[in-house]
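Peer 1: We have chain X already, so just place chain P on it with the hints.
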Amino acid sequence: MTRQNHKDTLIDLLESHGGPGFEQAVAEKCVTAFNEYTEDVQIDKLGNVIALVRGEGDGPRPKILLSAHMDEIALVVTKIDKGGFLRVWQAGGFDPRTLVGQEVVVHGKQPLLGIVGSKPPHLTSPEERSKAAPLEDLFIDVAMSEERVRELVNVGDRITLHRETMDLLNNRISGKALDDRTSIAVILECLRLLKPMRHVADVYAVATVQEEVGVRGATTAGYGVNPDIGIGIDVTFADMPGQDADVSFKIGKGPAIAFGPNIHPKVFQGLRDAAVEHHIPYQLELSQGPTGTDARAFQITREGIASGLVGIAIRYMHCSVETGSYDDIIDCGRLLAHYITTVDAKTVEGLTCY
Amino acid sequence: MLLKKLTEAMGPSGFEDEIRNVIREEVTPYVDKHYTDVLGTLICEKGVNKNGPRVMLDAHMDEVGLMIVHVEENGLLRFRPLGGIDPRVLVSKPVQIGPQKRFGVIGAKPIHLQSPEERTKPLSLKQLYIDIGAKDKDDALSAVKLGDVAMFTTKYEEIGDHCAKAKSFDDRVGCAVLVETLKAQFDLPLYGAFTVQEEIGLRGAGPVAYRLQPDIAIALEGTVCFDVADAPGHGQSTIMGKGPALTVHDGQTIANRRFLEFMMSVAEKYSIPYQLRRVKGGSNDYGAIHKVREGIIGGGISVPVRYIHAPTQLISLDDYQNTIRLVSAILTELAKGGFTA
Numbered sequence: 000m001t002r003q004n005h006k007d008t009l010i011d012l013l014e015s016h017g018g019p020g021f022e023q024a025v026a027e028k029c030v031t032a033f034n035e036y037t038e039d040v041q042i043d044k045l046g047n048v049i050a051l052v053r054g055e056g057d058g059p060r061p062k063i064l065l066s067a068h069m070d071e072i073a074l075v076v077t078k079i080d081k082g083g084f085l086r087v088w089q090a091g092g093f094d095p096r097t098l099v100g101q102e103v104v105v106h107g108k109q110p111l112l113g114i115v116g117s118k119p120p121h122l123t124s125p126e127e128r129s130k131a132a133p134l135e136d137l138f139i140d141v142a143m144s145e146e147r148v149r150e151l152v153n154v155g156d157r158i159t160l161h162r163e164t165m166d167l168l169n170n171r172i173s174g175k176a177l178d179d180r181t182s183i184a185v186i187l188e189c190l191r192l193l194k195p196m197r198h199v200a201d202v203y204a205v206a207t208v209q210e211e212v213g214v215r216g217a218t219t220a221g222y223g224v225n226p227d228i229g230i231g232i233d234v235t236f237a238d239m240p241g242q243d244a245d246v247s248f249k250i251g252k253g254p255a256i257a258f259g260p261n262i263h264p265k266v267f268q269g270l271r272d273a274a275v276e277h278h279i280p281y282q283l284e285l286s287q288g289p290t291g292t293d294a295r296a297f298q299i300t301r302e303g304i305a306s307g308l309v310g311i312a313i314r315y316m317h318c319s320v321e322t323g324s325y326d327d328i329i330d331c332g333r334l335l336a337h338y339i340t341t342v343d344a345k346t347v348e349g350l351t352c353y
Numbered sequence: 000m001l002l003k004k005l006t007e008a009m010g011p012s013g014f015e016d017e018i019r020n021v022i023r024e025e026v027t028p029y030v031d032k033h034y035t036d037v038l039g040t041l042i043c044e045k046g047v048n049k050n051g052p053r054v055m056l057d058a059h060m061d062e063v064g065l066m067i068v069h070v071e072e073n074g075l076l077r078f079r080p081l082g083g084i085d086p087r088v089l090v091s092k093p094v095q096i097g098p099q100k101r102f103g104v105i106g107a108k109p110i111h112l113q114s115p116e117e118r119t120k121p122l123s124l125k126q127l128y129i130d131i132g133a134k135d136k137d138d139a140l141s142a143v144k145l146g147d148v149a150m151f152t153t154k155y156e157e158i159g160d161h162c163a164k165a166k167s168f169d170d171r172v173g174c175a176v177l178v179e180t181l182k183a184q185f186d187l188p189l190y191g192a193f194t195v196q197e198e199i200g201l202r203g204a205g206p207v208a209y210r211l212q213p214d215i216a217i218a219l220e221g222t223v224c225f226d227v228a229d230a231p232g233h234g235q236s237t238i239m240g241k242g243p244a245l246t247v248h249d250g251q252t253i254a255n256r257r258f259l260e261f262m263m264s265v266a267e268k269y270s271i272p273y274q275l276r277r278v279k280g281g282s283n284d285y286g287a288i289h290k291v292r293e294g295i296i297g298g299g300i301s302v303p304v305r306y307i308h309a310p311t312q313l314i315s316l317d318d319y320q321n322t323i324r325l326v327s328a329i330l331t332e333l334a335k336g337g338f339t340a
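Same order as they appear, the protein sequences are chains X and P.
Just so you know, the first sequence maps onto residues 0 to 353 in numbering that gives the first Met the number 0.
Just so you know, the second sequence maps onto residues 0 to 340 in numbering that gives the first Met the number 0.
Hints were generated in silico from the structure; no laboratory data involved.
In this text, a Cβ means the ideal position worked out from N, Cα and C, and glycines have one as well.
Some hints could be false.
Okay, the calculated bits of chain X under chain P, using three or more residues with CB under 8 Å as the criterion [said to hold, decoys possible]:
#1 80-93
#2 122-132
#3 142-148
#4 311-320
Chain X with its partners taken away, still in its complex shape (with noise of 0.2 Å):
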């Protein structure tokens, strides 16, 4: 089957839930994607998975590690209160102001369909409208009686939001888990694209866990494969109102490659030499420290794994209509392929010589 695009496949991730360490649901779909490019797909102890495209040649081979994150912020319950509603606390960080009138969907023993409390405005005084509620102010109704919601839920159990993804102008698309799950869709771009391309290195593209808690995937994923050159594919922010400058890149304007302490200076430099001669536009992401990606954990892994970071700009990020370009997942993968044709051996062997 030759493909159009995994728009269609990114709307499914996009879709299926899976927050910080309940990963599964979305592990099998990837799995199933990755299976179009790959029979050899596992899965670690963590659970990440890892799909291996082989390179060409005989000889010890070049490995690259791409890696996007497949967890998605999440709630858990930690009480069932009078009414059977319930309080949560949060599995990465959530701003408590984008829950307020959410639905969502609570993993209890059966899936429930939930909205998360809001006053109505003819019983809320000025005073209370100037105030926004911490996140232990909330609640989430599940619209059944204590009884039942005692049956059904346990303290623990995991929310996530509840967002069809919409179809916006420019072929922008909008909805829950953009990220990072259009770092996923630029993997499978990157992997449709590189098919016909002539490369030597292995490429390893891996959909990782538990990133949204602090990379914690990327660090078993790193050390299992012991790439050559571990990517991170992770969103970065579009511009908004009120932003600064160097933190507001353009939707439609091509992936952001990152620059910094935290990315080894040749991938830099040879993800943005391929940008330039293939003419993929792309923008620049300044990083003054180990960055909040799966790029932190591959940097110090083992020896030390010399590491890149490009990813898609997206409005809203950690909200339910988290906003991004298709045509900037599909640039970014072109960025990859064409970078991972050029990877050899002597590029490996350039990686420890300052």
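Peer 2: Leaving out everything else, chain P in the frame of chain X:
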């Protein structure tokens, strides 16, 4: 599925075209005649030459929504609410805009770029935009017009124990009760008024009551219900699942005691659960109707709606069914001469 059709239709105050068409199609087989007045209220007549008190049942078609008022250079849309919306419920929600129902989203600055203090303050209307994916102002204006209105996108679904969630149960649940009532037969002259612009100040109900001059008028509503975690008993207004709520005293009306007691006695006679609406805030169309001409006797019957005026609202389907039963019982008793206006 009537509730699904009615709640998913578009109709912010003053822009009730779609919902009016949906309702018109639903009622046409069951009423003798229907027409619209100058404000856009849909009026249905059924058996108006029968003997007995002339009864007007009212339900407002409009919902709270947003109007697009400006487009920024970067293509993001500025909006203002149509009706009472707490801006805090808008963050991280999608909307559908204009007759084409184009998707737009209301996002917020990512938490990674916020200071902890920022999170303690609600986002004001000034900090919110609708993003339709436009590249710039011209691109946006090729897809939406200034003055286009927007609605929430929530789908109707049954959830929990015999409950349902949707947008605009206020007052599409009242519209559904009225449609179901118009399908039945009663031995009295009956008028159904699907009114406009309730959410911006009970605008549509007065003129239609003036026109019809009913002996008795009843507003059918979806009303405030806040029987949730941490809510003090006196602020709950109504309790979901405890039956239709009868208005005693709200922002616009002090109930006609005799009619209220009549409605309570009918509920008891027919063993239909009911409750009294127990807050002063909020109102319904009867607030405008009772002051028309020399005054009109009647009252308000409401289905409790949790998270009213928010994107996802919740009702008990038992309350909905019991409201239909109660309205039917009241009409039956009125036809028998059970109440003299």
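Peer 1: Now, for every hint given, state plainly whether the structure supports it.
Peer 2: Hints and how they fare:
As drawn, the segment 80-93 of chain X meets chain P at 7 residues by the rule of a beta-carbon pair under 8 Å; at three or more, the given contact holds. With 6 residues bearing a CB less than 8 Å from a CB of chain P, the segment 122-132 of chain X meets the requirement of three and the coverage assertion stands. With a threshold of 8 Å between beta carbons, the proposed coverage of the segment 142-148 of chain X by chain P holds, since 4 of its residues qualify and at least three are required. Residues of the segment 311-320 of chain X with a Cβ under 8 Å from some Cβ of chain P number 7, which satisfies the need for three, so the listed coverage holds.
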